[in-house]
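Colleague: Next come the chains, spelled out residue by residue.
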Amino acid sequence: MDLIWLVPALPLLGFLTLLVAGPRMGDPKSGWFATGAVAASFAVAVALFVDLQSMPEYERQVTQTLYTWMPSGSFEVSIGFLLDPLSSIMILFITGIGALIHLYSIGYMKGDPKFSKFFLYLNLFLASMLLLVLGDNLLLTFLGWEGVGVCSYLLISFWHTEPANATAGKKAFVTNRIGDAGFMLGTFLVFVTFGSINYADLRPAATGIAAVTATAIALLFFVGAIGKSAQIPLFTWLPDAMAGPTPVSALIHAATMVTAGVYLITRLNPIMAQAGWANDVIAWTGAVTALVAATIAVAQTDIKKVLAYSTVSQLGYMFMAVGTQTYVAGVFHMITHAFFKALLFLGAGAVIYSMAHEQDMRRYGNLRKYLPVTFVTFFVGWLAIAGVPPLSGFWSKDEILAGVFNYGAAGPALWVVGVLVAILTAFYMTRQLIMVFFGTEQWRGVAPVPAGAVLGASGAGAGDTAPEQEAESPTVQLGEGSDEPTAHDDHTGHGDHHLMPSHEPKEAPWTMLAPLVVLAGMAAIAGLMNLPFSDQFKRLEHWLYPMIVFENPLPEGPTLVGLAAVAIAAAVVGIWFAFFVYVKRRLDPARIELPILAEGWKIDSTYAAVVGGPGEATFQGVADADARIVDGAVNAVGRGSLGLGTLLRKLQTGLVRTYALGVAIGTVALLAFIVTRMNL
Amino acid sequence: MGQYLPLITLLVLTGVFGAVSVVVSRVLNPPRPTEAKSSAYESGITDITEPPERFPVRFYLIAMIFIVFDIEIIFFYPFTMVYSELGWYGVIAIVIFSAAVFESFLYLISNGALDWGPARISRRSVIASDPDRTSTTTVRRVGADGRAFALDGEES
Amino acid sequence: MFGLPTQDEPIPFDELPLDDPLLFDEPAGVVIPDIEWSAIAPNLILMLGGILLLTVVSLVRGRTPSWFSAVWTISTAVFAGVTLVPLWQRVQDDGAESVMAGAIGLDGFSLFVTGVMCLSVVLGALLLEGYLRREGLAGPEWYVLLLLSASGGVTMASANDLIVMFIGLEILSVAVYVMAAMHSKRVSSQEAGLKYFVLGAFSSAFLLYGIAMVYGATGTTNLVGIQQFLSETVLTQNGLLLAGFAFMLVGFGFKVGAVPFHNWTPDVYQGAPSPVVAYMASGVKVAGFAGMIRVFVVTFGPTYGADWRPMVYALAMLSLVVGSFGAIVQTDVKRMLAYSSISHGGFILVAVAANSEAGTAAALFYLLVYTFMIAGSFGIVTIMGRTGDGLHALSDYRGLSKARPGLALLFTVFLLAQAGVPFTGGFLAKFYVINSSVSQGQYVLALIAMSAAVVAAFLYLRIVVAMYFDGNTYRGESATLAGPKVRIPAAAGVALGIAVVGTLWLGILPGQMTSVAGDAVAQLVAIGP
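In order, the protein sequence lines correspond to chains A, B and C.
For what it's worth, this note's numbering labels the leading residue of the first sequence as 22, then goes sequentially.
For what it's worth, this note's numbering labels the leading residue of the second sequence as 578, then goes sequentially.
For what it's worth, this note's numbering labels the leading residue of the third sequence as 929, then goes sequentially.
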């Protein structure tokens, strides 16, 4: 138990070592070193888990305080770690999947000029993520929260020679900062209310607080969670974040970081239990996000964008679960999702790797012939996410749907949304599977898909930088966020990175395939953690039980079976419909893949056009301003929130008399205020 | 309030005087600025060197030395009136004070304040006379770069 | 002796602090104040160090090695810093005191600020050394002025009398006006000096008006006396006093660059020599805030807090907003940092507006962290300006990560610290400020401060992105570092090292310094028996 600190310390050590010696270790030694650090961390996590399991149920809460970080009167914050059922299971899958993805990256990043830097960031990310889940107080969690944000930013813009990637990184960073403000305020409110921000102190005190306070706290933290976990209205950064290398998408933007919001809400369940309607807000936000993202995913043509929107949608599921206080189901789905979504992303990465970094699914087809291992593992992932029993995704999704159904008056309505999303999920995943692995070999065709096609500019935020890129290399760039910077060419071994009709796809190296196989195994069997058949199978529920104050009970007996039947039916309907459209060709896909869906309901472009805050326009405006500085044409900057700045600049005339006038006006204003306070 | 009446009267008078001066000068001398009039020397001759550049004027330094002694005397005078009451404390204090003041004298001398004549010309001004130069082009707004109306062709 | 009124002039108050020996015992003979030189040792050392340096170099003109002045200045500041230790111990053991006939307060607060001032002198001198050599500017005058201004700042922070504080402020300011204009080869430096001087004199006049009004309302300029008077007396007419608050706030607001008295900041920061800006942004601001806290929080806080707090609140809010948004549109790194320093000033004002001991401690901690990170940032600007001190456009930083990766990394650390990223001092500084504000119920202000931090983060990111664009071209421009080669003088390297260590140390192990800042309470104590 004294080893808790090792869990985040090992990746941190990896980070520090790579910082000093990374370039000297080079490729692939630094990658192996980083992988080793994470694997060691995983071993410690396993040991801790076993240790914790041997303890009596109600003592499973171990705090290890390293030192007092901020002693200041009543407000004391220490660097301390809390190991309890929730955090122990979190660190297990974070380090486990993290180690696999590190291994995968050794193959994927081979030959990249910044190879060691990539692993340096990955290790730092894992250290922050582990700090996030292990921190014994809100501030420490916040530090991890910020840390993962920074790493995410660094990794998204890892290939920052591409302006699009850098812009996407900035977008992710700034959008997350909006959420962070909510987190910060929530922390202060907790401190004001409870006099402490340690999780251990919150639980006993939470029953005594006013419902209004609890609601306010819950909503503030939910704002934080929205930013980090890409929920409506702050979800637009996640699809753009696909600009980063694929292992990053798998690790950060599918398996770990984006689930931090779900973790946070679960961690704060004692407060949530008092928070009243804030829970409804969470549940409905999740439901709407799940539905909107699933509809968008239907029309995406970029292999990673489909998975990105799918992630947003599945996160919506998790928020539905925690919003309806079905925490066990939420955590369950978080874990199974981590397995199958990481698997799908890595599979997609293997496909992209084999296809000379082409990401447009319309140029794939029949790949099962060339990439058998990738195909089989991807197939398992597909079954899992589509909700086909007995794979893991079915069990967790079914549990969420059952819990949601049982949630008061709004339950059935939420459930209907959930079932709709389940159908859509099965549909778009089947569509992806068919487009990638079945059908004809599309890249054999002579002409590459014209860049200007209706669906060419796919994805939210389309049009930000796409025209520029398309002008440069119309054969490769379809939409923005391509995973293909020039700096990345030489590592593939395929020579030219343009996908030629004569291209022969080859299976990726074993470092990339081994993680796929392991993850496929996990995605298949992870459902065993929590089977609804009888009490003794509900292992996860029993495990988490001590730290959850109020859990929405699942329906019993026939209702449960009925709901499960509907869930299976939803999966079957979705798969059948996709089969109907894409294999049988009974329906023109264009009638489903509506342009508005491809453009993400125009949400991002609306932000960009209207809000000007987190939207693309501001960032683009500033980026443009950067470019125009040299010409001295800074006047063009005055867009969006820059208006105020421009106004300020006009006041800054450079003339002393204007400044003196400013001082005088300020003085007069202060005196005017004073007059109101005078008693003469 | 009665005791403040003289003050208020004075205030009003000051204001009236200022206002009258401005108005009268406007009435008697309506402003019709021309370029020549608004230039540095009203004669219309534009200056040929950069105005912000330093040019050596020995008198400045002499004036400084004068101020040093001036201040010294201003403080010495009251001291002499009460020195007997202050005793040694006063003597020490005035010595500290004089030391600080003479220190600046020392610095001035060391900087050549008393070196007369064309001993050395530290920096010769480059006469940058341009036929197109007018009083308007001579006005430079340094620090204006980056601002909206930064004039073209200005170097920083 | 300070132009005080004689007894027969009408003073509209019955009660006057008759125990003030300087004021009212004069007819009976001169009372020689008891002067304890050791109590103001740090200040004396700074001032004497400056004067002696001037004397020495005047006597042996041209025969001192080029490093002499810098070494002298740094040793003086370090020596002054060392003498703080026994004084600190004394204050912690025996409590605060009033010394120098009640004109100077010896308390934790003044000692802490003195320490920060010494630090900023050391950093400023280290940066100046290489700078003067590079620019071909001779002169020990820079260092003399640096020491003298620091002495003024220390006087200001420890003054227990408004007049003394004003003198301190003037000593500080006049020296800095000159320093701002001392780059004789840059016209913009002279412009900056002139602007700063004119506006500074303007605002000093306001401060003096304010002091006069407060004197009129309370009958004394001694802070102890004022505090006592205000707590014992209920003013039937508070107009004069409150107007005094407003005017004094203008004076202090100008020195700390609070909006709307901030206008000079961008121009002066841009024009003045970069190492001087490093000192101005750290030392001068520290002194300004120290004076402000001493007068407003400590003296007027307990009795008239409700009257001045809204004003500071408004200044804080405006500074945060203007500082953050103004920075976005800038294209010159020095101007950007100028606006960001306005925004930092807004943060410290938030702590001042809290009007509490926690607020003061937060402000002190912020000032300490701020000194490290701002001196570091301007240190890099100094180096990057290269000969002529003119390459400060954002585009001049493009490609820095390739040319000088270490420098780019350091700058990134300073910028991230300014943005308030955890495990840098900036995070905790902001955290404490917001915490102090929230615990006084200023939720709106805290919210604005946090939003401003978000906006400001974007600005810092812009600089970082500019430095790290390392491809061949970015939007058609060359992404390699333009201009002459970047050289890092050894002394400046040391300064950057100190700054980065300080920034990180205060972020990772802040425990010691926060408790010191917490102990550094400002107390107004009447003269002991």
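Hints are computed from structural coordinates only; laboratory data are not their basis.
Do not take every clue at face value.
Stated by the list, open to error - Some but not every residue of chain B turned toward chain C, in silico, with C-beta under 8 Å:
| # | residue |
| --- | --- |
| 1 | F674 |
| 2 | A677 |
| 3 | E680 |
| 4 | L683 |
| 5 | Y684 |
| 6 | S687 |
Said to hold, decoys possible - Under the rule of at most 30 Å between Cα atoms (straight-line distance), these lysine-lysine pairs were calculated in the BS3-like manner:
| # | chain 1 | residue 1 | chain 2 | residue 2 |
| --- | --- | --- | --- | --- |
| 7 | C | K1413 | A | K135 |
| 8 | A | K138 | C | K1413 |
| 9 | A | K50 | A | K135 |
| 10 | A | K138 | A | K390 |
| 11 | A | K390 | A | K559 |
| 12 | A | K138 | A | K527 |
| 13 | A | K131 | A | K50 |
| 14 | A | K135 | A | K390 |
| 15 | A | K605 | A | K527 |
| 16 | C | K1113 | C | K1413 |
| 17 | A | K138 | A | K50 |
| 18 | A | K390 | A | K605 |
| 19 | C | K1413 | C | K1330 |
| 20 | C | K1113 | A | K135 |
| 21 | A | K50 | C | K1330 |
| 22 | A | K50 | A | K527 |
| 23 | A | K131 | C | K1413 |
| 24 | A | K138 | C | K1330 |
Positions of the beta carbon are idealized from the N, C-alpha and C atoms, including for glycine.
Colleague: All hints are to be evaluated individually against the structure, with a verdict given for each.
Modeller: Evaluation of the provided hints:
1. For F674 of chain B, the interface hint is violated, since its Cβ never comes within 8 Å of a Cβ in chain C; the closest pair sits about 12 Å apart.
2. Interface restraint check: A677 of chain B against chain C, minimum CB-CB distance 6 Å, threshold 8 Å, status holds.
3. Annotation: E680 of chain B was flagged as interfacial toward chain C, and the flag holds, the nearest CB pair being 5 Å apart, inside 8 Å.
4. Nearest Cβ of chain C to the Cβ of L683 of chain B: about 5 Å, under the 8 Å cut. The hint holds.
5. Interface hint status for Y684 of chain B: upheld, as the beta-carbon distance to the closest one in chain C is roughly 5 Å, under 8 Å.
6. Here the hint on S687 of chain B is kept, as its CB sits about 4 Å from the closest CB of chain C, short of 8 Å.
7. The straight-line distance between the Cα atoms of K1413 of chain C and K135 of chain A is roughly 25 Å, inside the 30 Å bound, and the hint therefore holds.
8. Distance hint between K138 of chain A and K1413 of chain C is fulfilled; the C-alpha atoms sit about 26 Å from each other, no more than 30 Å.
9. At most 30 Å may separate the alpha-carbon atoms for a hinted pair to count; K50 of chain A and K135 of chain A meet this at roughly 13 Å.
10. About 35 Å separates the Cα atoms of K138 of chain A and K390 of chain A, which puts this hinted pair outside 30 Å; it is violated.
11. With a C-alpha separation of about 40 Å, the suggested pairing of K390 of chain A with K559 of chain A is violated against the 30 Å cut-off.
12. Between the alpha carbons of K138 of chain A and K527 of chain A the distance comes to roughly 27 Å, so the proposed pair stays at or under 30 Å and holds.
13. The hinted pair formed by K131 of chain A and K50 of chain A meets the criterion: a straight-line CA distance of about 11 Å does not exceed 30 Å.
14. A threshold of 30 Å between alpha carbons decides the hint, and for K135 of chain A with K390 of chain A the separation of about 33 Å lies outside it, so the pair is violated.
15. Distance restraint check for K605 of chain A and K527 of chain A: the Cα-Cα separation of roughly 29 Å lies within the 30 Å cut-off, and the hinted pair is therefore satisfied.
16. Note on K1113 of chain C and K1413 of chain C: the hinted pairing holds, with a Cα-Cα distance of about 21 Å set against a maximum of 30 Å.
17. Taking the CA atoms of K138 of chain A and K50 of chain A, the gap is near 12 Å; set against the 30 Å cutoff, the hint holds.
18. Of the supplied pair hints, the one linking K390 of chain A and K605 of chain A holds, its CA atoms being roughly 20 Å apart against a limit of 30 Å.
19. Between K1413 of chain C and K1330 of chain C, the direct Cα distance comes to roughly 12 Å. Compliance with the 30 Å bound is thereby established for this hinted pair.
20. Restraint check for K1113 of chain C and K135 of chain A: the C-alpha separation of about 44 Å exceeds 30 Å, so the hint is violated.
21. Between K50 of chain A and K1330 of chain C the alpha-carbon distance is near 24 Å, which keeps this suggested pair within the 30 Å criterion.
22. Proximity of K50 of chain A to K527 of chain A is assessed by CA-CA distance (about 25 Å); at most 30 Å being required, the pair is judged to hold.
23. Of the supplied pair hints, the one linking K131 of chain A and K1413 of chain C is violated, its CA atoms being roughly 34 Å apart against a limit of 30 Å.
24. Of the supplied pair hints, the one linking K138 of chain A and K1330 of chain C holds, its CA atoms being roughly 15 Å apart against a limit of 30 Å.
The structure fails hints 1, 10, 11, 14, 20 and 23 (numbered hints given earlier, in ascending order).
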